[in-house]
Amino acid sequence: MVFNSIIFFAFFAMVLFIYYLPLPWKAKKTHLWISSYLFYAAWNPPFVLLLWISTIVDWFVGKAIADTKKLMKKRSLLIFSLSVNLGLLAYFKYGEFLLDSFIVALKALNIAFHPAAPDVVLPVGISFYTFQSLSYTFDIYRGKMRPWKSFSDFALFVTFFPQLVAGPIVRAADFLPQLKSPRKTSADQLGWGFCLLTMGLFQKVILADSLMGPIADKVYSQAGVAGFSDAWIGTLAFSGQIFFDFSGYSNCAIGAALCLGFVLPDNFRFPYASIGFTEFWKRWHISLSTWLRDYLYISLGGNRKGKARTPVNIMITMLLGGLWHGASWRFILWGGLHGIYLVVERGLRHIFKDADFFQQTGMRLVLVLITYFFLCITWVFFRAEDFASAFALISTMFYPGEGNLVDQGEIYQVLIISFLLLWVHWKLRESSLEAFMGNLPWWIRGVAISFILILLALAPSDERAFIYFQF
Amino acid sequence: MNVLLSTSNSNERMRLRDWGRVWLIGLLTTVIFLGCWEIFWRTRGFQPTIQDDWGIWAKVRRQAVSQGERAIILVGASRIQTGLHPDIFEEVTGKRPLVLAIDGSSPIPVLENLAEDDRIAGTVICSLNPMFLGEDSDDFGRSKKWIRRYNEQKWSSRIETQLSIFVEQAFVFRYTGLQPNQLWQNLVDKQWPRPFYAPMRPDRYRTMDFSLIDVERILRGRIKRELDFQKSAGPLSHEQFIDKVARIDRLIQKIENRGGRVMFIRFPSTGVVRQLEGQTWPRKKYWDILVTNAGAKAIHFEDYPTLSGFDCPDGSHLDVRDAEIFTRSLAEILLEKKWIIR
Chain A
21 MVFNSIIFFA FFAMVLFIYY LPLPWKAKKT HLWISSYLFY AAWNPPFVLL LWISTIVDWF
81 VGKAIADTKK LMKKRSLLIF SLSVNLGLLA YFKYGEFLLD SFIVALKALN IAFHPAAPDV
141 VLPVGISFYT FQSLSYTFDI YRGKMRPWKS FSDFALFVTF FPQLVAGPIV RAADFLPQLK
201 SPRKTSADQL GWGFCLLTMG LFQKVILADS LMGPIADKVY SQAGVAGFSD AWIGTLAFSG
261 QIFFDFSGYS NCAIGAALCL GFVLPDNFRF PYASIGFTEF WKRWHISLST WLRDYLYISL
321 GGNRKGKART PVNIMITMLL GGLWHGASWR FILWGGLHGI YLVVERGLRH IFKDADFFQQ
381 TGMRLVLVLI TYFFLCITWV FFRAEDFASA FALISTMFYP GEGNLVDQGE IYQVLIISFL
441 LLWVHWKLRE SSLEAFMGNL PWWIRGVAIS FILILLALAP SDERAFIYFQ F
Chain B
48 MNVLLSTSNS NERMRLRDWG RVWLIGLLTT VIFLGCWEIF WRTRGFQPTI QDDWGIWAKV
108 RRQAVSQGER AIILVGASRI QTGLHPDIFE EVTGKRPLVL AIDGSSPIPV LENLAEDDRI
168 AGTVICSLNP MFLGEDSDDF GRSKKWIRRY NEQKWSSRIE TQLSIFVEQA FVFRYTGLQP
228 NQLWQNLVDK QWPRPFYAPM RPDRYRTMDF SLIDVERILR GRIKRELDFQ KSAGPLSHEQ
288 FIDKVARIDR LIQKIENRGG RVMFIRFPST GVVRQLEGQT WPRKKYWDIL VTNAGAKAIH
348 FEDYPTLSGF DCPDGSHLDV RDAEIFTRSL AEILLEKKWI IR
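Respectively, the protein sequence lines represent chains A and B. Last residue of the first sequence: 491 (the working numbering), numbering continuous. Last residue of the second sequence: 389 (the working numbering), numbering continuous.
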């Protein structure tokens, strides 16, 4: 069940109706719990079992870790939780990739190996709820929180439907306390929640799927024959598409949760206005980058183990972060490129830390554009269908030549939207969506919502899944 | 308890007010605009149409299973989807056909899918257009993709299809030709949108009304398409064709072994399109061999005076008014031959 479907609206209307009946808080939570399983079962009912495994394992492991004082036992329990959660992830998401890589490695050694082709269906959202559930165990292991007393609350935390399949990845310490007492939803909260939901759908249905996605698809499906302008327009289109798609999903999730009175963390803060990649990861998919920072990078020692070890820790974190996105060497390379950018940037920051001219507006704008340029290069590996296509496009992007995949109208369309996207991010980089909306007169907000609703009502019913569902 | 707040929550910083007024004006404006928009297009002759997709096809495909031996299943491409009128067919034979035809697509993958399904025991009427007998023609169109998705369909997707049908049936503005990008294109081309000449009903039958369009333009497009098809799917050698017929024969046997029937209908084509088909796929080289080798029940429109003599305005499809006459004649022939029992 995707947000951009009619069935979701029927489902959500039903959920809201029951939720706002005068029922005890426990009944409302049970209702949300059941609705969340129903939401997940819409994809593949048997996979609800995987949710149960993650929930039950982390619930009992969390309790056992808190009950023991022996460090070795705590560590063994943590390893058990990691093995179960990451084991499931490895089997369902990385099984085929590992097998293929193994076959290639054997082939390099002149050993022929022909196993039966695995036929494993990827459970939607497994990377998201696995990380979410694991964060609870990690926090208990580190003594940052006590085990939660109510199992049903914990189960709702793992399965809460607005963010279950594509985040934001919520921390137990952020969410569980919200279940303690009935959520009081004000009219303004409800209004803002619906507004976020509407804006998220606009980003997804109109901007990502109707305006940018088809152009990116056209170029990337024929990467071998793309010319200079095709390659750049296709890549700019994808750069816009992936932001609108994922940020649109996050806005829908945050908005839907807010309608139920729950607060979810931000996942995007105008990332294309970042100056450098350190800042980019503070603005892009924030719930994942903070997860990787807190549970992987810091566990590896972060920057506390000396100058030589820090770049290694950055690279390990980003390579694994790349792998998290997809079971392919392209994603690992994508993560690796981000890692290299971060390491190089770290060195440059050390050299230029006292340079005043970096504080000038013009210079900062140039740095934003340079960052965006390098980002676009990484998106090629993220989107391309294989390495050959990716390298073909990259080489085309640096050698001007004829291209005829995209027409004049499509070029203007992508350039105008990309310019507006960067401009909005630049203007709002020190601000927030709430502040921006807060400065608008109420009637302009009303007309804007109406404009979006009309476009959504008239838009094609092309039911494209969100890109991040596959991760 | 030590509460760890890992990320900021901008929602908590929300200090917006007036949402009641905002949504009131937003919804009111939306409803008024869409209401006027709907009336505007309806007064200009536009009618709601269902957008064909795999979900609706899958819905009809399930009916083919549930109806068992009673099912009359139409397989093929746009010729049968627009040329065989279910209402007329039911009037004559007492049986309502299920439209599983997929426009622009080869019928062979669908026939194969029906043959592989032991629950299919009804009568299959397959429209066989010569261009779908060429090399790699099984891959033409959406047949294979839709069959794959049908096999993987989840309950939520079935509900989504039902809801989409409901919405598309209710509102003209959901028609693809009235979507913003299409209207923009109309504006660029300085062409006023015209009512869709081949709207689809929920039972997947399309009524093709050529009086609503520029027939010359459509005919030119059809000829170009026919030539493109011929280029991309060249005719098979005699041996290759015999192999293909043998494959079709196996499919027929599978269905007939469980009590079903399969019959092939060659729907009319006229003018330049017919000439092109005749050049690449002369009747003797494919249709007659199919009938002889596969032992198939077959009806070629040229063999029956009541089925020939129609003029296909685009060379390939019957106008809705002719489709009604053609369907009546065809249904009577099928009854007469006892291939269908009333």
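What the hints contain is simulated information worked out from the structure, not anything from laboratory work. Nothing here was measured: the structure is a model prediction, and the numbers come from that model. Even glycine gets a Cβ: it sits at the ideal position worked out from N, Cα and C. Hints should not be assumed to be uniformly reliable.
Rough simulated footprint, nothing fancy, chain A against chain B, three-plus residues with beta-carbon under 8 Å [stated by the list, open to error]: (1) 149–156; (2) 191–205.
If we take Cβ atoms under 8 Å as the criterion, some of the chain A residues that face chain B in the derived model are [claimed, not checked]: (3) Met21; (4) Ile26; (5) Ile27; (6) Thr205; (7) Ala207; (8) Asp208; (9) Gly211; (10) Phe214; (11) Ser230; (12) Ala412; (13) Ile414; (14) Phe418; (15) Tyr419; (16) Ile469; (17) Ser470; (18) Leu475.
Given a cut of 8 Å on the nearest C-beta pair, is the interface hint for Ala412/A held or broken against chain B?
Hint violated; Ala412/A Cβ to chain B Cβ min 25 Å, cut 8 Å.
Status of the Ser470/A interface restraint (C-beta, 8 Å, chain B):
4 Å, holds
Under 8 Å, Cβ to Cβ, is where Gly211/A needs to be relative to chain B, so tell me if that hint holds or is violated.
2 Å, holds
If you take the shortest Cβ to Cβ gap from Asp208/A to chain B, is it below 8 Å?
This interface hint holds because 5 Å falls under the 8 Å limit.
Verdict on chain A covering the region 191–205 of chain B, where coverage means 3 or more residues with a C-beta closer than 8 Å
Since three or more residues must qualify, the claim that chain A covers the region 191–205 of chain B holds, with 3 doing so at under 8 Å.
Hint Ala207/A vs chain B: min CB-CB distance below 8 Å?
6 Å, holds
Double-check Tyr419/A for me: the hint is only fine if its C-beta lies closer than 8 Å to a C-beta in chain B.
32 Å, violated
Does Ser230/A pass the interface hint, meaning its C-beta sits closer than 8 Å to a C-beta of chain B?
Cβ of Ser230/A sits 7 Å from chain B, so the hint holds.
Restraint outcome when Ile27/A is required to lie within 8 Å of chain B by C-beta distance
4 Å, holds
Should the hint that Phe214/A touches chain B count as held when the rule is a Cβ pair under 8 Å?
7 Å, holds
Mind checking the CB of Met21/A against every CB in chain B and telling me if the closest is under 8 Å?
Holds, about 5 Å.
So, Ile26/A near chain B? Judge it on the closest CB pair being under 8 Å.
Holds. Min distance 4 Å.
Hint compliance for this structure: hints 1, 6, 12, 13, 14, 15 are broken, all remaining hints hold.
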